[in-house]
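Residue numbers for the sequence shown, in mature numbering (1 follows the signal peptide of the UniProt record, and there is no 0): -18 to -1, 1 to 230.
There could be a bad hint or two in this list.
[Unchecked claim] Listed below are the simulated DSS-like cross-link pairs for lysine-lysine, each with C-alpha atoms no more than 27 Å apart in a straight line:
hint	residue 1	residue 2
1	Lys64	Lys140
2	Lys74	Lys99
3	Lys187	Lys169
4	Lys197	Lys187
5	Lys198	Lys187
These are calculated hints, taken from the structure and not from any lab test.
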Amino acid sequence: MLKILGLCLLAFVLPVQADVNRTLKVCWEDEAKPPFLMFSSKNEPYGIMVDVVGAALKENGYTLEHIIQPWKRCLHSIQSGKVDLVPNASYKLQRTEFSRYSYPIYETNIALFYKAKRFSSPPQFLSQEDIANYKVGGVSGFNYSFVHPDVNIDVGAKSREHLVKKLIADRVDFALLQVEVLNYLAKQNKVDITSLDYVPFPDKKSKAYHVIFNKKTNDSENLKILFNQTFLNMKHNGELEKIKAKYM
């Protein structure tokens, strides 16, 4: 009788263990976002966000399968249930229909970059309406839901590097970019920003980024909770600062 009872208990326990120790598919955008996301010569992702996601999920018994796609395809993949999570996502209400947001993992400063020689002194913008008469450049597929509808934003650039080239060529008046990311790209000699300066973007000086979890993934709410709890532990025990120190 005890043997039968033991087998019954195993029948309930084993599937749970198998589920916890399974592989999750994570989709990374194919454009580097240093120091949060970069790629090795073998096109393997690394960086702050890669280490944070990997450490938090590994601690909870998961392994990761890395998939690299354009940003729009990552969003389509999580919406269609082909991947389990997508890091580096800013908040957008429409995405909550198919995904669950983690706590904010990091923030970047949002700024309007411009050619320094164009202005004798840094331009002053008190509100987004003040830039409505300028042409502002963005990157295709990025989230600009925080931008006022009166702002003329051109999202034809395929990458941050492409957007900087458009700015230098006077095809846009300002480029809406993240200060930390662009400075890191400049350190890597990916862009030349020596002729540029920037001012804070009005009404939105910083932007938070999260991990989004697919609602179609089995027990996704619990997965999000486990990730959040582990991330907070990493902040409190100093592990997060150690990860940042590797890249900054």
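Hints, verified against the model:
| no. | hint | result |
| --- | --- | --- |
| 1 | Lys64 - Lys140 | 24 Å, holds |
| 2 | Lys74 - Lys99 | 36 Å, violated |
| 3 | Lys187 - Lys169 | 23 Å, holds |
| 4 | Lys197 - Lys187 | 30 Å, violated |
| 5 | Lys198 - Lys187 | 34 Å, violated |
Checked against the numbered hints above, the structure violates hints 2, 4 and 5; every other hint is satisfied.
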